[in-house]
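Q: Sequence lines, in order, name chains A and B.
Its first residue numbered 2, the first sequence is counted upward by one per residue in this note's numbering.
Its first residue numbered 154, the second sequence is counted upward by one per residue in this note's numbering.
These aren't lab readings, by the way, just hints derived from the structure by calculation.
Values in this document were obtained by computation on a predicted structure and should not be read as measured data.
All residues carry an ideal CB built from backbone N, CA and C; glycine is no exception.
Treat the hints loosely; a few may be bogus.
[To be verified] Coverage of chain A stretches by chain B, computed from C-beta distances (three or more under 8 Å per stretch; other residues unrestricted):
no., segment
1, 3-11
2, 18-29
3, 51-58
4, 63-77
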Amino acid sequence: MEGLIAAAVGGLTAAGVYLMLRQRAFPVILGLSLLSYAVNLFIFASGRVALALPPILDKTQAGYTDPLPQALVLTAIVISFGMTAAIVMMALGAWLHAGDDRIDMTDDDRAAEGRIAGDRTATGDRA
Amino acid sequence: MMANHWIIVPVVLPAMLGAFLVLALRHDLWLQRVFGTAGMVALLAVALGNLAAASAGPPQVYLLGDWPVPFGILLVLDRLSALMVALQAGLALAVTVYAVATGWDSRGRHFHALMQFQMMGLSGAFLTGDAFNLFVFFEVLLIASYGLMIHGGGGARLKAGVQYVAFNLVGSTLFLIALATLYSVLGSLAMADIALRAAALPAGEGAMLRVAVVLLFLVFAVKGALLPLQFWLPGTYAAAPGPVAALFAVMTKVGAYAVIRFHLTVFPETTAAIGPMVEPLLMPAALATLVLGALGVLGARTLGRAVAFAALASMGTLFTAVALGTPQATAAAIYYTLHSTLAAAVLFLAVDLVRDRRGGDGLDLAAPPIAQGGLIAAIFLAGAIAMAGMPPLSGFLGKLMILDAARGPVQGWVWSVVLATGFVTILGFARAGSLVFWKAHQTAADPAPHPAEPWAFAAAGLLLAGLVALTVLAGPAMDWIGATAEGLHARSPYLDAVLNARPVAQTLPPEG
Numbered sequence: 002m003e004g005l006i007a008a009a010v011g012g013l014t015a016a017g018v019y020l021m022l023r024q025r026a027f028p029v030i031l032g033l034s035l036l037s038y039a040v041n042l043f044i045f046a047s048g049r050v051a052l053a054l055p056p057i058l059d060k061t062q063a064g065y066t067d068p069l070p071q072a073l074v075l076t077a078i079v080i081s082f083g084m085t086a087a088i089v090m091m092a093l094g095a096w097l098h099a100g101d102d103r104i105d106m107t108d109d110d111r112a113a114e115g116r117i118a119g120d121r122t123a124t125g126d127r128a
Numbered sequence: 154m155m156a157n158h159w160i161i162v163p164v165v166l167p168a169m170l171g172a173f174l175v176l177a178l179r180h181d182l183w184l185q186r187v188f189g190t191a192g193m194v195a196l197l198a199v200a201l202g203n204l205a206a207a208s209a210g211p212p213q214v215y216l217l218g219d220w221p222v223p224f225g226i227l228l229v230l231d232r233l234s235a236l237m238v239a240l241q242a243g244l245a246l247a248v249t250v251y252a253v254a255t256g257w258d259s260r261g262r263h264f265h266a267l268m269q270f271q272m273m274g275l276s277g278a279f280l281t282g283d284a285f286n287l288f289v290f291f292e293v294l295l296i297a298s299y300g301l302m303i304h305g306g307g308g309a310r311l312k313a314g315v316q317y318v319a320f321n322l323v324g325s326t327l328f329l330i331a332l333a334t335l336y337s338v339l340g341s342l343a344m345a346d347i348a349l350r351a352a353a354l355p356a357g358e359g360a361m362l363r364v365a366v367v368l369l370f371l372v373f374a375v376k377g378a379l380l381p382l383q384f385w386l387p388g389t390y391a392a393a394p395g396p397v398a399a400l401f402a403v404m405t406k407v408g409a410y411a412v413i414r415f416h417l418t419v420f421p422e423t424t425a426a427i428g429p430m431v432e433p434l435l436m437p438a439a440l441a442t443l444v445l446g447a448l449g450v451l452g453a454r455t456l457g458r459a460v461a462f463a464a465l466a467s468m469g470t471l472f473t474a475v476a477l478g479t480p481q482a483t484a485a486a487i488y489y490t491l492h493s494t495l496a497a498a499v500l501f502l503a504v505d506l507v508r509d510r511r512g513g514d515g516l517d518l519a520a521p522p523i524a525q526g527g528l529i530a531a532i533f534l535a536g537a538i539a540m541a542g543m544p545p546l547s548g549f550l551g552k553l554m555i556l557d558a559a560r561g562p563v564q565g566w567v568w569s570v571v572l573a574t575g576f577v578t579i580l581g582f583a584r585a586g587s588l589v590f591w592k593a594h595q596t597a598a599d600p601a602p603h604p605a606e607p608w609a610f611a612a613a614g615l616l617l618a619g620l621v622a623l624t625v626l627a628g629p630a631m632d633w634i635g636a637t638a639e640g641l642h643a644r645s646p647y648l649d650a651v652l653n654a655r656p657v658a659q660t661l662p663p664e665g
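Please construct the entire structure, taking both the sequences and the accompanying hints into account.
A: Right, here's the structure in full:
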């Protein structure tokens, strides 16, 4: 059981880090999601892995499983869900503006390639 | 005995007001402005009241839900947290006035609501006494800052915004890993309880704890933009709307505050299982950040980036003082925190005034003189003098105190780096200022007309007045800050207050 959880955390983290290092926003967001899954599993395991035990003290049972990490994981899931939604919206906005989701190109590069019209490069700062 | 409910007001007031602004005043900008500004005034008043209460006595503890100490979430109002909340509230008031005066708040939606949620997150992060709750408030302030960062829209801002969010999401992930590791080793998340349990851990069994501590300080280094985790700062600050960049001057200080709090109160050098681990790592990173920031000021191609790099350099100076680790150095660090927040905010507001009138802030841009150019140049000059650490403003005093606190083997490094980077920063600001304000006069054209916006200048003046007050009243301020630093290093006021806190229900007489 411990080996399975450890392998899952490790695999998700490795895949997440690999995707994070890509040059497009979409894989980066996928990588962030995978990392947040890995973290959720890791927090869950931080209260020790216990099978078939209640999360409260019960005299008829052999022991208990720590309920606090489960509460923490719930908080972490909600927060990472909200954060992922926020970055998806921002990445969509950037993609609609630039026409692609590469993070290593400026508007000047894109204009040099002739892929976006000049008027779309204007940021409209304080305009 | 009644609990002091004023402690939680800086968190609850902006939360309620922010929701009210979104739900009820969505379509009325003027009502948003009135309520938003009134909320900031009320927050500042409460923060100053709390500051007076905190300086009069020992730290006060607020138990949420009246749970006893290691089990529930708690807020702690001590001198440091009260000071940081007051600093943040004062800065936010000036920023709100500026945003209203320049019309920045009308260029996107929900500016005032986002400001309130930002205040909620910042107050909570400063006040909380629980490590996981600190994570939650970090997320609250971050998600509000994401909204503020892309306020007004535009491609460059969205692109910088995505990078800022991605960087901070990785930081949040690291924070969760650190907290889970900490919990698996110590079985507690209340900071005072963590401190006790870590101190009780035998020296040989600290491997996992050291991993958790390093991860935790990495997260704070991301927030505080410490080299090599500073990549997000220059682009974000330069691309953010001017008033938002000014507000962000306090965001990096959250990282510095967390380092001071955790390094001094929770995991001091005397903890056997950890040992002197943080300061040897922090000092080289801080000095390298300082060098990079100063070079950035000199090499920046826009005024906004120059100021962003100056803010980075100020974080380097601040962390240098923290890494020195003596009560005198901590006092200097707290003073420098106040100073650098105000100085960076003044400069960001000056950059925004320039950008608005000049149609850009590129240093290679040939543009005619700008309307109210003299006044803006004076504000920039005052801010640059403060930021670079030249007399007579508080930056000079702050750097002097940090140099004075540097003793022992690191003295040579600290002195040479701080003094050399100060010189490079002066050069960089002199170059940027003369290109923007003096070279413009080579063009014969008259300044383009522009609304006077007196309240925008009043907001910048308010922050400058804070800098002047910090300089003139440096003596009394340092007495107060020195006592704060002594209390932080003694640890016992904080730990005793938290560990002896009793739920209200236990202190009431039994009924009938």
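Q: Take the hints in turn and mark each one as holding or not.
A: These are the hints, each one checked on the structure:
no., hint, in the structure
1, 3-11, "violated (count 0)"
2, 18-29, "holds (count 3)"
3, 51-58, "violated (count 0)"
4, 63-77, "holds (count 5)"
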